[in-house]
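A.B. asks: Here is how the chains run, residue by residue.
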Amino acid sequence: AAGVIQSPRHLIKEKRETATLKCYPIPRHDTVYWYQQGPGQDPQFLISFYEKMQSDKGSIPDRFSAQQFSDYHSELNMSSLELGDSALYFCASSKSEGSSGDYNEQFFGPGTRLTVL
Amino acid sequence: AQSVSQHNHHVILSEAASLELGCNYSYGGTVNLFWYVQYPGQHLQLLLKYFSGDPLVKGIKGFEAEFIKSKFSFNLRKPSVQWSDTAEYFCAVTAPNTGRRALTFGSGTRLQVQP
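Just so you know, the protein sequences line up as chains W and P, in that order. Residues 1 to 117 (the numbering used here) make up the first sequence, in order. Residues 1001 to 1115 (the numbering used here) make up the second sequence, in order.
With the rest of the complex left out, here is chain W (with noise of 0.2 Å):
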């Protein structure tokens, strides 16, 4: 079964260099979350968006943002990197049955891991 693709890998970059990380989902799921996961800590949730618009925020920094584009794939853009960003980026896709509280499990890319020097 397809799974939802991440791409880099991984990845390399010098402080207060641009960093754009690629989230295809699974084919028919509509929603994608962002979660960072530091050095040996838990995910944070960065970012998600449902049908290519932002459905909520979490504690993404204002040097990131990020899109859904029409095939549902996902970027995460990364400015000004700092040590701190360093991490494992992951994303995750779901199939949203539209707005009732019903939970639609998430399913979980590898992972790209940045590294920042």
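Source of the hints: derived by calculation from the structure; they are not laboratory data. A virtual CB, placed ideally from N, CA and C, is assigned to each residue, including glycine. Incorrect hints may have been included.
Going by beta-carbon spacing under 7 Å, a handful of chain W positions derived as facing chain P [what the hints assert, rightly or not]:
id, residue
1, Tyr24
2, Asp30
3, Asp42
4, Phe108
Label-pair distances were calculated between CB atoms; the ranges are [to be verified]:
id, chain 1, residue 1, chain 2, residue 2, range
5, P, Gln1042, W, Thr20, 34 to 44 Å
6, W, Arg28, P, Leu1056, 48 to 58 Å
7, P, Gln1042, W, Asp71, 23 to 33 Å
8, W, Arg113, P, Ser1018, 29 to 39 Å
With chain W held as given, fit chain P onto it using these hints.
C.D. replies: This is chain P only, laid out in the frame that chain W set:
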């Protein structure tokens, strides 16, 4: 806002030992509860989930968890662990009535099973 506490940060067991990992959440409203596993170098995978109904839920690979509302707990159990269960285990919660579907994770428990 909801939060999740996992009190066991690192657990070491021998094969065939029984496992119980603690998870407590803080939120007074309706919650959905999850356990995810992260094998070394791999992505998060869902072990089991609780939405409503029977508070004892069974998941994959012989894992189960019990939701005790009065204790705000959702502990993970397995009667007999295997070496292949070595991984990090995350408890997570969503509060569906708040409209937030993103997961709030606990800090994780690293399980090491010795052969």
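A.B. asks: Give a verdict on every hint.
C.D. replies: Evaluated hints:
Here the hint on Tyr24 (chain W) is broken, as its CB sits about 14 Å from the closest CB of chain P, past 7 Å. The interface hint given for Asp30 (chain W) is broken, as the beta carbon of that residue sits about 12 Å from the closest beta carbon of chain P, more than 7 Å. Here the hint on Asp42 (chain W) is kept, as its CB sits about 4 Å from the closest CB of chain P, short of 7 Å. Among the interface hints, the one on Phe108 (chain W) holds; its C-beta lies about 4 Å from the nearest C-beta in chain P, closer than the 7 Å criterion.
Gln1042 (chain P) and Thr20 (chain W) have their C-beta atoms about 24 Å apart, which leaves the hinted 34 to 44 Å range violated. Between Arg28 (chain W) and Leu1056 (chain P) the CB atoms are about 32 Å apart, so this pair departs from the stated range of 48 to 58 Å. At roughly 26 Å, the beta-carbon separation of Gln1042 (chain P) and Asp71 (chain W) lies within the given 23 to 33 Å, and the hint holds. Hint check: Arg113 (chain W) to Ser1018 (chain P), Cβ distance near 34 Å, so the stated range 29 to 39 Å holds.
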